[in-house]
Structure formats: C-alpha cells, structure tokens
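A.B. asks: Let the hints inform the model, and build the full structure from the sequences given.
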Amino acid sequence: MLMVRKIVLSIVAVLGVVAMAMAQNQKVTGTVVDSAGAPVVGATVFVEGTNIGVTTNVDGDFVLQAPANGTLLVSFIGYEAQRIEVAGKTSFNVVLKENLQAIDEVVVQTFGEVKKKDMTGSVAAVTAKDLQKMTVSTVTKALEGAVPGIQSYSTTGQPGTDASILIRGVGSINGNTGALIVVDGVPYSSSLTTINPLDIESVVVSKDAAANALYGARAANGVVFVTTKKGARNQKANITFEGKWGWNEIGVEEHHTMDPAQYIEHFYLGLYNYGLDGYGGDAARAHGLAQGNLSTMLRRYMPYSIPEGMSTPIDPTTGKIHKDAKLLYYDNYDDYLFTQQFRQEYTLSVSGGNDRVDYYVSGGFLEDPSYIIMSAFKRFSARAAVNAQVTKWMKLGTNIAYTRRDTDNPGFGGAANTGNAFLWTAWQSPLVPYYARDPQGNIILDENGNKVYENGMGTTTSVYGPGLDIFNSMNSAHPYQSFTHDINNQIRDNLFANAYVDITFLKDFKFTANITLDNVYAAATYYSNNEYGTAADPSWNGIVEKVMNNYMSLNTQQMLSYHKKINKVHVVDAMIGHEFSKDEDVTVDAYKKNVFYPGIPELGNAITPLEDGSTSSTVKTAIEGYFARANYTYDDRYTVSASYRYDGTSMFKYDKWGHFWSVGASWKINNEKWMENATWVNDLRLRATYGVSGNRLSSAYPYTNLWGIGELNGQPTISQSTIGNRNLSWEKNKQVDVGVDFRLWDRVYGTLDYYNRRTHDLIWSRPTPSSTGLSSRLENVGVLENSGFEFDVTVDLIKTKNVYWNISINGAMSQNKLIDFPAELGNPALGGNYVSGAFLRGEGKSYYNLYLFKYAGVNPENGNEQFWKQIKDENGNVIGDELTENYAEASQYEIGDAMPDIVGGIRTTFQWKGFDLTVAAAYQLGGLQWDAASANLYEVWRPGFAVSDDLAGNTWTPENPNAEYPRVIYNGVWDFGSSRCDALYRKASYFNLKNVNVGYTLPKKWTSKIGLQSLRVFFNADNLCFITAHDGFDPRAGYTGTAFVNFPQARTFTFGLTLNL
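Convert by adding 43 to the 1-based position in the sequence shown; the result is the number in this note's numbering.
No lab work stands behind these hints: they were computed from the structure.
As the structure is a prediction and not an experimental result, all values here were calculated from the model.
Not one of these hints is a red herring.
Derived DSSO-like pairs (lysine-lysine); straight-line CA-CA distance at most 30 Å: (1) Lys132 - Lys1047; (2) Lys172 - Lys421; (3) Lys663 - Lys589; (4) Lys273 - Lys176.
Beta-carbon label-pair distances, calculated as ranges: (5) Ala130 - Tyr677: 28 to 34 Å; (6) Asn929 - Val824: 35 to 41 Å; (7) Cys1068 - Leu795: 28 to 34 Å; (8) Gln601 - Lys844: 48 to 54 Å; (9) Gly880 - Asn997: 26 to 32 Å; (10) Arg126 - His1073: 53 to 59 Å; (11) Val824 - Val846: 56 to 62 Å; (12) Tyr677 - Lys844: 36 to 42 Å; (13) Gly492 - Ser582: 32 to 38 Å; (14) Phe623 - Val400: 28 to 34 Å; (15) Gly324 - Asn929: 23 to 29 Å.
Backbone N, C-alpha and C fix where the C-beta goes; we use that ideal spot for every residue, glycine too.
C.D. replies: Listed below in structure tokens is the structure:
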C-alpha cells in the first residue's frame, strides 16, 4: 500500500512539473514581412538564450514553442533585426525594416565562416538584392561605384567579359594587380562570368590585411569573397522564377565629326591656304588651285550635286558650299553597323529543406547580343548546393555548378586597323557611302536587285570618276561583308565541384576538410574568310585557326577550429589549417591557310599550314600554404585578432616560401558603460590592422632562361627570349588600416577608413648590359606606395510604416608614390628621376606622373601652333618660359597625375507600399588620359579620314586670328595631337547614372488568387547616362594615361518579373 502511494505521488509530481513546463512554454505563431508587406522568406526566429529556432516559410510564417515571458529574436540579411517580448501573446506580425548597409550578419568565407561584425578589418558588401536590381552578365560590372576603394575598368563592352578590379590603387608594376577571387571559401581561377549573378547571396570586398593575410601570396591586391545561395532548414520548397527582356545600345556618346559640308570646306580651305603661300597671296589663283585639286583630295567622292558652270560644290567667293549644291547622300555607318537586338534572361531556382538537409538548385539562360554586329554572348548555367546534418557531429555538403559560355567576339576593341568596327564609325570619311552610289547619288543595285556594298575601289562613281577609299585597308571589302563572313567564336565549358565534411567533437572543436575542382574546357574557332577582307588576298586565301584549351585547378583544404564562449564575456576563436592548390593549363593552337570551300571553318578545309603557325604548351604550377588565425573578444567590447600564413610556390626556384601575417584590434565604444546615456549612438566601433601579404608574377617560370625555337633559311634556330632569375621572390605588400564604423540616431551610418599600403621588393624589369643580348631581366627591387581615405555614409531620410527613403554616398581618395627604384635608371639632369614614355618617375612622385610638352595655342600673327619652352641660365637652371613654334625645341613639364583623385558612388532607395525605386550612380574626379581615338581626328591633313567637328570654323584665318586651332594647309603637320603633348589629354572625370530600377510588388491578396506567393514586376536601365569631358571619351577604359579606340560600354534596358510559387 505504501508503495502504491509513493507511485501515485510521483506521477502527480511529474504531471505537476509537466504542467508547469507547459504553462511556461506556449505555441507561438507569426508572420514576418518587409515594409512593403511582402513575406520575408528564410528569416531566422530564435528564442533568446536558447537553441530553439526556426526559419520562416515561403509565406513568411513561423511556428515554435517559447516561454510566455521569453524574447524572440527575428533577423534576416539586409534588414534590421528585432527583439520581441512574448509577454504571454501567441501571435505576432513582424515587420522588418530594410537596412541596405546593415551587413554585420554577412558571412565572409575566410577559411570558415566569419561574420563582418566580428572582423577587425575593412570590408564592404554588395548583397543579393543589389545584384537583382542590375542587368549585368558578370558581378564584376556591378561593383563600379558600389564599394569605396574599388576602381572598375573595362577595355571592352563585349557582353560576357569581366571588368578589371583595382582595390586601393595599383600595387605592382610587373606582378598581378587584380584582386583574388574567392568563391564559397575557395580561391577561384575562372572568370566570374561563369556565375549567374542571381545565384549569388553576397559579394564582400576585403581591402586590408586582416583577412587577406590568410591567403598569403595571392592577396596583396585585396580579396573579393563571393558567397553563393544556399537553402534553408525547415522550409518547404520555395520556387522562384525571374525573367528579363530588353535590349542593348551604345552607352557612350560617340566622337563628333564633320558632316559632308564641313568636311569639303575644311579641305578646300587647306588647298586655298597652300595656294596663297605658293602664289604670293594671290587669292584668285589660290581659289583656282583649290577648285582644280579638291576632287583628288577627296578621292573622287562627291555627295553633292555640282552647280552648273562650276567644278566643285564650293562657292569660291565664300569658301562654303554653294547654295545651289544639293546633298545627294550622307551615310552614317552607325546606322548600319549598330543594331538593336532582343536580350533575354531567365533564372529558375528551388530551395528549401527539412530539419537535417537544406538544398538550393537553379538553372539559368542568358542571351545577350551586343549593339554591334557579330558580337554576342550566351550562357547556360546550373547549380546545385546540398548540405546535410548526417549526425549530431557530422555535416556533409556539396556545391556543383556547370556553365557553358558561347561568345562571338570579333575582337574589335583596341585595334587601330579597319578590322575594328568602331574605327569605321569613328574615322571613316563622311563622303564615303555605305552602299555604292552613282553620280546622281542613287544606290547601285546588282543584277539580282540587291544593294551593292561600297568597297572603296570604284564601286561608287561621281562626276569626278570612280571613288578610291584610302581608309579601307581590307583588300577592297566592305566592313559588313568581311565581318559577317568571318568567325570569332569561343565556347567554354566550366565545371566547378566542391565537397566538404565538418566534424564537431569535444563540443567546441570542429574539423573541416574540402576538395574543389575547377575545370574549364575551351574551344575557339577563328576564321578569316577568303571572299572579302584582308585574308581574301591571294597570298592567304583565307585562314583557319583552332585553339583548344583545358584548364584544371585542384584545391584541397583542411582546417581545425575552436570556438568557445566563457562566462558570457570571453569569446575565443582559433583555427589552423593547410591548403594545397595545383593548376594545369594545356593549349593546342593550329593554323592553316588557303581555304578550299568558303564558309567551312575547319582545318581540313584549308590546304597550307602556316609557317610558325601551330604550337602547343603545357604549364603547371602549384602553391601550398599553412595558416592559422586567432580572435579574442572580451565583453563584446574589445577584440584582437592575428593571422599567419606560410606559403610556397613552384614559380620561384630557391626562395619559394614566404611569411605573411596580420594583427588587428577593434573597440566597440558604444558598449562601454559610460556610453549608456548616449542613446543617439547606436553603434560606434574603432578598428585598426597591420599586415603583410604577397604577390607574384602571372608567368609560370620567371626563374629560368627561356628560349625560342625557329627556322632561318631552312635551318633550325634557337634564340634566348628572356633571362631568368633564380633569386626572384615574392613582392611583399605591407598595409596599415585604421577605420571607424558608426550608426547614429538610428538614421546615419557608415564607415571611415585611412590606409597606407607599400609594396616592397617590386618585381622590376631591370636593364641589363648589352652584352647579354637582351634589354632587361626581372629582379626584386623598388618600393611603391598607395595611401588614402575612404568613406561610405548612408542617411535614412524617411522611416515610417509605409515609406522608406535613404541616400548614400561613398568615395575613395588615393595617392600613388614611387618610393624606391633601380638607381641606374636615374638621370642626373632630371634630378635623379627618369623618363618612361609619357611619364616622369622618381622618388616621391606618382608612378603615373605625366611629363609632356605644353601646347600654347595658336600664334595670332601667322596661325602656327605654339609650345612652351623653358629658358635656362648658363648653369642649366630654369629661369623662365618662352614660346616656340618649333616642336623639337619645346620643353616637357609635369602636368599632373593620370590616376584619379577620387572615385566613388551615390545611391538612393525609395519605397512606398508595394512600389520601390533604386537609383545608383558612379563618379570619378581628377586624372588625365590621352584620347588616342580623338588624336587621329585632329590631324590637319588626312583626306579620306574623318575630322573632328571641333575644327569646323575654329581654325586660324586672318579673319579669325584667335581661333583655338592652327592654320589648315595642304600636307601640313600638327604636333599638338601627339601622345607626348598635353593638348588632347582629357580630364578623366566622369559621372555615370549606372542603374535605375523601378518595381512594384503586387499585394499578397491579389497574388494568392492566382496561386503565387509573390510577384514583382520591374523596369531596369543600366548605364543610362554617361557624362565625361569630351565626346567619344571613356576614362573607364584604363588608368595608364591612354584611352584607345575601344569597344564602348553598353546601355541596357530591360523589363522583368520575379515570382515565387
């Protein structure tokens, strides 16, 4: 009986405890939405102080058990986190406010996951939402103006090409200058065009040594961390589709050139002035000479009717086109070579998971034709990421991606020949028609009624006879015929596969091992046809080239990490690891000429192998590193960090290994007790880092002599091409960074940074004695410095339930200095400095310090160009300046830096209910560049080529003595357009209205009726307005002081929709 009583009492006690627990924990439900009322999918809802947590489903809903007096923590990347007191309530509607700059929760994959808020270094991010509002084929082109300290350059607007990224200036002369790309924690060797931007969760740019030193010899120029999307636990399948439709057009204003009337008058004036000089000022005889020779100068092209009784359309009494002369034709090559084609892009993704497995699967297709003929890009992409918690102590995962890129790229950009289509639009004479014309200006038709293309060899006739186009060097071919019959195609298949295992043991330790394969197989076909163009010459009769390339990179990493929180105030994080990476690059390149049957781009269709036309190569490199990292945080106020890496590479012979390290500290000032009353300070963190990272050459074998094998008179030859240096080693980049992160009044937030980075042991091409037979060899010598300030500030102007509006501005002011260089380069006459091309370089000077002749305008007395010349005393000291008309006597002056003074961006976001508007711009101030394309338009006498319309009515005549440009004269030469003269150096400042995105998210009560969770429709414009110092000039093409005839960037318009099922 006693025993039964005890059992009953025990059961009652247990039931009492259960009842109390049931009373303390209750079922809590809720919905998480954004300020527009759209559900926030994948938001994390945790019970504070416990490990109880869930993520929201596709409707933004959540369900969990929570104490009646507990606190819920609700957070999601890109939004302000919220703390909600349960207070006995069972249902909640949580509205998260978007915070475009709140990236503290962004994960940086630095050999393991590290949140930005726990780092001591300088980082900045671009989120998935930012990328979604841009129409770009590669994420590199989204970084312009988005992150302070980044300069984004691109020499081509060809779709599917990456922009070059400079972080905090140029850190090397002969070594790598680009940033290291890390995708999901693994260094990435392939182009970022392989990754669909909509598969990216975030892009984090690390600018100092705090995180970069862990990548040792590859991180001197900064690191770009790309994190791809993953699934979420406890979430049903979320299906997302996005479609975009639009078109591309040229995004840079073209060069302004003379129309036919201005052009004819210009060359008539030159002949007239020549006659005046030859005939002692006799105007009548000068006009007679001009009238008699104009047709020859114009290559017998004449788009005007000739008034009765006259030999040219010029009225000799005025030097202008006669009022009775009528324009017969004026063909603008832009109208034919530039096109507007349909652009389309689709992405479909499925993500979700249960309590043990999460997954993300996506597929994408992009068709991105350019605005110029025969230029296009297609991409097929697929990605699958799966993570599984196999046991409590083991987690496995894999991330596999496949991409096929199909590019038609005729190689227009940069080439100063008529194989560059942009030369036809910029430099072709306005008198030369696109289609052949008869003397009356009518288009000539062939026997089948088709329009005949103008080929520059008499297809067009005028009253003067058949025209001869000296600009056309394409073997009498029309550009359209040549370009459309040629083939320049590359197909690249990229397989990226990563697998990892995480093993947790002893509670606070975790061992991670992963292996990554990055394989690119590329096949290129280059076919120069045998019907039209240069290769149609009988000596060639067409050329076929096939290039096969297989690039393989294998990377393995093993890491042991420890994370412990002690007594709620001490947080210790430590990690040691090992990495090995091996690359192999195999290329086979074969040429043949004498094509048998037109249009078949195969080697078997060509008869004759080219001399020295075929080759192959195999390049193997490897790098191995051992690394460690330790962080300690006290009371969420003080953090110190340290990292170390010991790297070795196959690229050096003896000094293979290098030591790279960093130390850092941060202080969360707002967490100090004495700041408790400063409620207007939401966040204030001071941080500082110092570290050393490394850099190397892109060449695989710089330590050894390289030889070339050839043939001369039927006999084999061998000649040395480079002198190796077995003592060559790493460049060492030493960088200090001091920064402040802040958030004030819960409205004003941002970062301020100062940095100084010095590259020691520069890999320099040092002059060698002439007895070696070669001019130089690579050595470690010299020091280059970059320093500057960066800022990134955002202000939330309006924050209400229905309206949100913010504006942000960022910028980076950078200064470049050469600190040390090989002594033998110094010239005592230049104070120990030395001249290299258009630059004067020396200690304390910018490496891009321009040293040019100075144009002094026109002599109003005679119309000759003038330049400045230094006056020196008998000791060689400069005592003044004077004018000279002799370019050979002119002096050179330091006129400024080719590099810009400040680069940055401006962005604003406005949201009202379901409507949203984002406007982003990029800007650059300062710097100088020689406009190489314009220089050819300012040559005084180049009949057959276009002339800048700046010269129209603005050249010297006795009636216009204060003209900007010198006197025009037959066979004259102007020197002011030279790359060594400052006249055509343009200010490199620009403003680019980079992106405008307008969208509307339909109310959920509407979309639910058609079976959708959400639907957003939008319009997007990229590169909408580009403003620069001069027409046709784009400073984004480079930073070395010269802008060539490049492939201009595109302006893109798209309409699209994003829906969730």
